[in-house]
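S.K.: One-letter residues, chain by chain:
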Amino acid sequence: MNNHDTYREVLDKKGHLVSVVIGNSMHPLLRERKDSIHLVKLKNEPKRYDVVLYQRTNGEYIFHRILKVEKDKLIVCGDNQWKKETINREQIIGIGIGFYRKEKYISSDDFWYKIYSRIQVLLRPIRWLRDICKGIIKRIFK
Amino acid sequence: MKIKAGFMLREVAGNYVVVPVGEASKEFKGIITLNSSGAFLWKSLLEECSIEELLEKFLDEYDIDEETAKKDIELFINKIKEVNILE
Numbered sequence: 001m002n003n004h005d006t007y008r009e010v011l012d013k014k015g016h017l018v019s020v021v022i023g024n025s026m027h028p029l030l031r032e033r034k035d036s037i038h039l040v041k042l043k044n045e046p047k048r049y050d051v052v053l054y055q056r057t058n059g060e061y062i063f064h065r066i067l068k069v070e071k072d073k074l075i076v077c078g079d080n081q082w083k084k085e086t087i088n089r090e091q092i093i094g095i096g097i098g099f100y101r102k103e104k105y106i107s108s109d110d111f112w113y114k115i116y117s118r119i120q121v122l123l124r125p126i127r128w129l130r131d132i133c134k135g136i137i138k139r140i141f142k
Numbered sequence: 001m002k003i004k005a006g007f008m009l010r011e012v013a014g015n016y017v018v019v020p021v022g023e024a025s026k027e028f029k030g031i032i033t034l035n036s037s038g039a040f041l042w043k044s045l046l047e048e049c050s051i052e053e054l055l056e057k058f059l060d061e062y063d064i065d066e067e068t069a070k071k072d073i074e075l076f077i078n079k080i081k082e083v084n085i086l087e
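As given, the protein sequences belong to chains A and B, one line each in that order.
Taken in order, the first sequence gives residues 1 to 142; the numbers are from this note's numbering.
Taken in order, the second sequence gives residues 1 to 87; the numbers are from this note's numbering.
To be clear, the hints were calculated from the coordinates, so they are not data collected in a lab.
Accuracy of the hints is not assured; some may be wrong.
What the hints assert, rightly or not - Simulated crosslink set (DSS-like; lysine-lysine; CA at most 25 Å straight-line): (1) A:Lys-34 x A:Lys-114; (2) A:Lys-34 x B:Lys-57; (3) A:Lys-102 x B:Lys-4.
Pulled out of the complex, with its shape left as it was, chain B reads as follows (with noise of 0.2 Å):
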């Protein structure tokens, strides 16, 4: 899975937000707002990765343990995946 195209992720005063642009900003009407580990993930998620290469990422960025990790991860995609951006 990865992140469609058309979506700029920028950072502001420590704050991410995401931008859909072109196409993607007739589709998408919303505001993403996204924490530093959220923009992490997204991060990695602009390139095609699986649910365990992005575990093993996520645990490898922050001290955390691996349910915590999981529960986040799940979170974080089911988000994306209810506004439809993921592919």
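Just chain A, with the same shape it has in the complex (with noise of 0.2 Å):
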């Protein structure tokens, strides 16, 4: 993610913003520097399965997905990723609801992507197995 000041102020004053994926945490659906993001401001309710732009306490921005609602809390995790991060609702500046993967936009509506997020959603738990795996490879042929 680039320019950190301003997310905040054009979704405000838009109330839409496209911005290009840096980082590979969202990798197979967002590759780096290659695909975007559609972001609305956050109107409704935050679900399980929608993907967020939000503030870390660092400052830094991250865009991940929702894999459960508590109370005010939110449990997020990258695609690419199997750790989970807790953040607050007040964290959110926006949400996903369209990817350009290079030229082709991908609504967040698509049925196929629909079913996407829910295997992503689901195979989270092993995906550290897919690390160690590959922690391993490296081992072997390095």
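Put the two chains together into one complex, using the hints given.
M.R.: In structure tokens form, the structure reads like this:
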């Protein structure tokens, strides 16, 4: 993500924003510096499977998927990660309603996208196994 | 002059946002939003275009007088020059 002060400002003013993705935490859906996200201001309560842009207490901007909604807390995780993170609702700046994979636009209402997001949430607990396997392979072939 | 490579123009809800991708996203760290006339100028500058050609295109597209058009174009050019995305 870039331009730290203005995400909130632009969303407040225009209501919509498109931003390129920095980092690989949402891979394979979003590829670094290639794909972008279409964000809007959060109007309704965020739900499970939604992807939200939020700000960490250290100022970092992160775009991750909601695994679970608790009272005033949200459990989030990147599609390419397995470590969960708990955030407050106030930390959320915007919600992703679509994605540009290069030129192709995919709405978050797309049927196949919805299937994909459910699978990602479902498979999160076994992603750490995948990472351990990767680690072992690296060790063998280094 | 023309717009450097690596910038995508996206239309969202009647507004336009410029999104840097690839190498451009490492150098350019801002958010550019454009209205429809800004987007028109942007699209015109995707190909090599002189100020005169730009003015001509702008006047063809919009029903405004030359003075206003010149001012708008100047403002636009200065802004994108400032952020170094014109070559």
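S.K.: Under the constraints set out in the numbered hints, which ones does this structure not fulfil?
M.R.: 2
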